[in-house]
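Start from chain V and add chain P according to the hints.
Which chain is which? The protein sequence lines are V and P, in order.
Per the numbering used here, the first sequence runs over residues 112 to 392.
Per the numbering used here, the second sequence runs over residues 44 to 239.
The reader is advised that the hints may include incorrect statements.
[Said to hold, decoys possible] Heads up, simulated SDA-like pairs for lysine to any residue below, C-alpha to C-alpha not over 25 Å straight-line:
hint, chain 1, residue 1, chain 2, residue 2
1, P, Lys-120, P, Lys-185
2, V, Lys-357, P, Leu-218
3, P, Lys-185, P, Asp-92
4, P, Lys-204, V, Ala-161
5, P, Lys-165, V, Pro-148
6, V, Lys-359, P, Lys-94
7, V, Lys-357, P, Asp-173
8, P, Lys-94, P, Leu-218
9, V, Lys-316, V, Lys-357
10, V, Lys-138, P, Lys-185
11, P, Lys-204, V, Glu-238
12, P, Lys-129, P, Asp-184
13, V, Lys-138, V, Glu-234
14, V, Lys-359, P, Ala-219
15, V, Lys-169, V, Lys-316
[Said to hold, decoys possible] Not the full set, but computed from the structure, chain P residues with beta-carbon under 7 Å of chain V:
hint, residue
16, Ala-91
17, Glu-227
18, Ser-234
19, Ala-238
These are calculated hints, taken from the structure and not from any lab test.
Treat the numbers as computed from the prediction; the structure is a model and nothing was measured.
Backbone N, C-alpha and C fix where the C-beta goes; we use that ideal spot for every residue, glycine too.
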Amino acid sequence: MVCWIVASLAVWAAEAAPAGEHPASAKLLADVSTAAPGRPFRVGVLFTMAPSWHIYWKNPGDSGMPTMIRFAGPAGTEFSSLHWPAPSAFSDGEMTTYGYEGSVLLWATATLPQNTPVGGTVEISAECQWLVCRRECLSGGAKLALSLRVGDVPVPADADVFARWAGSLPVAAASPECPVELSVTRQAAGDRQRGASFRIAGRWKGRAGRDVAACPDSGEAFKVEGIRVERLADGFIILLNAEVLKGKEQDGSELPVVVSFTDEAGVRRGVNVALPMRPGH
Amino acid sequence: MSKAYLIATVAAVCVMMVAASVQAKPVIGQPAPQFTLEDHNGKSVSLADFKGKIVVLEWWNEGCPVCARHARAGTMKKLVNTYADKGVVLLAINSTASCTNESNRKAAEQFSLNYPILNDSKGDVGRAYDARTTPHMYVIDKNGVLVYMGAIDDDPGGNKKEVVNYVARALDELLAGKPVSTPETRPYGCSVKYAR
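Okay, chain V solo, but in the shape it has when bound:
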């Protein structure tokens, strides 16, 4: 009871409290201090969480809410979709969610229009919304802005932060930098018409990773259940059941999954795998 009171007071306090008391903070960064018209650069929000708190990946899992960022710039500025570093899985035994502890950079590629006047400045803004949880949850939000000079030649900035998080972006299973050999087996769907069972076997090419997790990017089309990860001496086996939700058959031909793990340097990394939902696909 006491815990409940403390938790709910924290909720109400945090809604009005200054950002300093909230367990997550957000900072807007760009990988240039001077941007050149028509030349892509990266702009991202670095979230830092208090110990034991986490924010969510694009698929939060059994509960939670995707972290949301809306970038804006001068008229005509283009932004890519968000880049999501490999998430961690959080399980309380009953429910599993996917997200980030400690800190994470979520970023997009931005391009100023060709006709942006050189010599001036532009403002890039990011409207952010998140749910930050440990056992209890708090809503967070921030409107962030950043001023960049505009020049003929870009001037780099915060390169180390962007490089560090680019190293956590999931890689293609077939790419040479993929640290694990993966093989996917689709098993009989049984009586489940829209479903299938999958077995993802992984073998480390070099040093073994730890805290292996299968993070399905289920979107609105899939339901994924019964994820199990078994560790082997030189790799792992992941088992999961996936089903295409009724009415979503059109969007549901392949289920994207990020197999994530922590490498020997303590960096969270991931591999993109696409699971074929249709037999013979």
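Just chain P now, with coordinates in the frame of chain V:
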């Protein structure tokens, strides 16, 4: 000896039944799990009380900012106001381990809710429905059959201009005698804080 054996057998069967009931998950098109719980005034409320009505369930926890946002926005209250005279009943269920009738009463007052909050602090009903988030929504048709489960809408952040309220859409379809076009969506919100 035989008595002891009988007790052991009964105990084993009970364990199996409990295990089965824990594992059973609600299925669209199948009868919704029955329940009897106390509302925030201590009154006993059963799903069976609403035979012939459409029942909407909302998993609720006033400590969850996502529930609080919808409560402040009046999302559920609007459903009640729109559909109550069309034979639709809304019940909130609180499976938070620490909730009491008293805490539910205070929350119902604080947010001026026009529907009851039922006390499921043991979590049995939440587990029977496989309720994962607050809010997690369920729609049960007049015959007691589960016809929708998932999110309240397609706007987890509460910032979309055009919001699809999945529950309202399911109710409109049901009331028009049509099948529910999207019977299952991904719920969003805080995890249900079940008793451990």
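Which numbered hints turn out to be false for this structure? Those not satisfied are hints 4, 5, 6, 9, 10, 15, 16 and 19.
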